[in-house]
Amino acid sequence: MSIARLWHLAWRDLGRNRRRTGFTIIAVALGMALLMMTNALIAGVVDDSLQNSIMLRTGHIQLRAAGARDGELSVRWRDLLLDPGPQAAQAAALPHVTSATPVLWTSGMLASAGESVGLQVYGIDPAAPAYDRLRAALRRGQFLAADMRDGVVLGESLADTLRVDVGGQVRLTVADSAGVAREAGFIVQGVFSTGIPAFDDHAVLAPLATVQRLSDASRRASAIVIHLDDARATGEVAAALDVTGMRLQTWEQLNQQVIQTMRSASAFYVLLDAIVILIVASVIANTLLMSIFERLREIGVLLAIGMRGREVLGLMVLEAALLGAAGIVAGLAVGGAGVAYLATIGISIDRSVAGVAGDAIAISNTMYGRAVPEVFAGLALAMLAITTAAAGYPAWYAARLEPVQALRGR
Amino acid sequence: MTTTVRLERVTRRYTIGAAETRALDDVSLTIGAGEFTALVGPSGSGKTTLLQLIGCLDRPDQGVITLGDQVVTGLSADQRADLRLRSIGFVFQFFALVPVLTAFENVELPLLLAGVAAAERRARALGLLDAVGIADRAQHRPDQLSGGEQQRVAIARALAPRPLLVLADEPTANLDTANGQQAMEIMQRLNRELGTAFVFATHDPRVMHYARRIVELRDGRIVADRAAVAVA
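Protein chains in written order, with our numbering: chain W, 1 to 410; chain B, 1001 to 1232.
For reference, chain W alone in the conformation it holds in the complex (with noise of 0.2 Å):
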């Protein structure tokens, strides 16, 4: 007999106890829909992480000078490219190259009357489309103008522990490219909240020329920072951009960290998957190892009128499918929704959790899910084949069952 012919038999007996039919139900569609709301999460939060750091820090390429060091904020003259203007320029003329521009980073103090804080100094090209996001955070005050001598802007979180807000001054500390430690006074212009506190709490923008000058960097950067319209378009960029005398870094180089931490994590939900779906493989189990028990005898009255062991076997693995396939299309539904929900209003974290995460690594204080269409069918496949392959003992137990046996019911 054709396992096909079997289906309708399967289908009739998972309506026999329908209290325990839909408890399964329940627990498979619960199941595959926490798998599906943690691997959105953890996708959203991955992808948040990356783009966050390649919109606001690394961007897609960087060249910065061969001798520099990654990770330092050293204004050494050696470390410096030197007059970086034309080569953004002639980056910028290139496809897919939305923004191209040199960018001088130091450490440094920012001070106000009553506290102070050691934070990250960039000094920008306040016209460079690479900051339109930040000139959309703006809470209050204006953006940096290029000709603005005295100007800063912070972030929120950073003016609130400074108690500064726009026009309070503070006194901002560098070390020069002879280490030797330079002050000067700045009026704060605007007020911006990212939603990403590892950004917020700590940088300070000023404009690129004041920078240099505080820094003595003359008309150095520490980078030329390059943003493409497509992440997927770095290779192709990079093999145009003439970089002699200069090191090339992409995006996946820069944010190694974080990669390899999400890479981290996403292990973990990998473990917390096979848990979860081992959990639903053995509800699956259970329901049909108690049907067999109760239906014994109507399995040996299957036998004596001719059925195989393999088809009894092919039934009862029929029911597992039947059971985690309607439990997974149900958990599809009820985990879109909740992707859905994920995608669009998201779950807000404290920010001293998102601060958790480190300075590397760009956690926003709200976080997003993504919808993962080929991670769920996936988990989809896999809790199918699983809960299918559940059945095995409880199918191989009433497969091999003597006629005799099933009929005394025992």
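Some hints here could point you the wrong way.
[To be verified] Which bits of chain W does chain B cover? Going by a derived footprint, with three or more residues having C-beta under 8 Å, they are:
no.: 1; region: 315-326
no.: 2; region: 399-408
[Stated by the list, open to error] Only some residues are given here: those of chain W computed to face chain B with a beta carbon under 8 Å:
no.: 3; residue: R12
no.: 4; residue: E298
no.: 5; residue: V301
no.: 6; residue: L303
no.: 7; residue: A304
no.: 8; residue: I305
no.: 9; residue: G306
no.: 10; residue: M307
no.: 11; residue: R308
no.: 12; residue: G309
[What the hints assert, rightly or not] Just so you have them, the derived chain W footprint on chain B, three or more residues with Cβ under 8 Å:
no.: 13; region: 1049-1060
no.: 14; region: 1072-1081
no.: 15; region: 1110-1123
I should point out that these hints are in silico values taken from the structure, not numbers from a laboratory. Cβ atoms here follow ideal geometry from the backbone N, Cα and C, with glycine treated the same way.
Starting from the structure of chain W, add chain B where the hints point.
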């Protein structure tokens, strides 16, 4: 007369704890085509064990069982299943219908297992339900049928694959007198019309009256084997 079943010196032992019981002890028996035979005897005499061995539901510890011209004692589980599917029908004391299927689907089930085409399955199942007098209840599930109706569905199911032999284990034990009588009359009529051999185990004297042959067992042995005058 053609032989349908032959048992030669068949023994079946059961071990319960340290004690061994001979449910059947060196039994030889031949059932001819078209017979309507009753196995009688008190509880524990071996009637059900004998039916299970004839029906390939169990294997003997000793002896040879032949169904038609095929020795069945050495067959694999799958071969025995095939033999049951095509050559043997069963009617059980507890009706034994699949509760989630309708009367029609229960009768159709062995035909489905045998791979019979849909149109023929339908024709045969409806024909048999008509023959047992419950065609109008074809779409009812077992829990919507009386005990007598369920047993008639079971008789129809047993006959669906057109077997050589139908084995019925206490087919009237769970029926009242009228329904029991009706079930026996149906089996007797179908035995005559179709030529299918029926062997039924019973200790109900009213049922024995329908048999044309009575085989009496006691303590696992055949103690009497005699022709009977069946009621018409």
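Hint validity - R12(W) Cβ closer than 8 Å to any chain B Cβ: 4 Å, holds
Chain B contact restraint for V301(W) - C-beta distance below 8 Å: 4 Å, holds
Hint check: 8 Å Cβ-Cβ cutoff, L303(W) to chain B: Holds - the Cβ of L303(W) comes within 8 Å of chain B, reaching about 7 Å at its closest.
Chain B covers the region 399-408 of chain W, three or more CB atoms within 8 Å, holds or violated: Held - the region 399-408 of chain W has 4 residues with a Cβ nearer than 8 Å to chain B, which meets the minimum of three.
Agreement of hint A304(W) with chain B interface, Cβ distance less than 8 Å: 5 Å, holds
Hint validity - E298(W) Cβ closer than 8 Å to any chain B Cβ: At 6 Å from the nearest chain B Cβ, E298(W) passes the 8 Å test, so the hint holds.
Three-residue Cβ test at 8 Å for the coverage of the region 315-326 of chain W by chain B: violated (count 0)
Chain B contact restraint for R308(W) - C-beta distance below 8 Å: 5 Å, holds
Proximity test - 8 Å, beta-carbon atoms, the region 1049-1060 of chain B to chain W, at least three hits: holds (count 4)
Status of the G309(W) interface restraint (C-beta, 8 Å, chain B): For G309(W), the interface hint holds, since the closest Cβ of chain B sits about 6 Å away, which is under 8 Å.
Coverage claim, chain W over the region 1072-1081 of chain B, checked by counting residues with Cβ within 8 Å (three needed): holds (count 3)
Interface hint outcome for G306(W) [beta carbon to chain B under 8 Å]: It holds, given that the least Cβ distance between G306(W) and chain B is near 2 Å, below 8 Å.
Of the hints listed earlier, the one the structure fails to meet is number 1.
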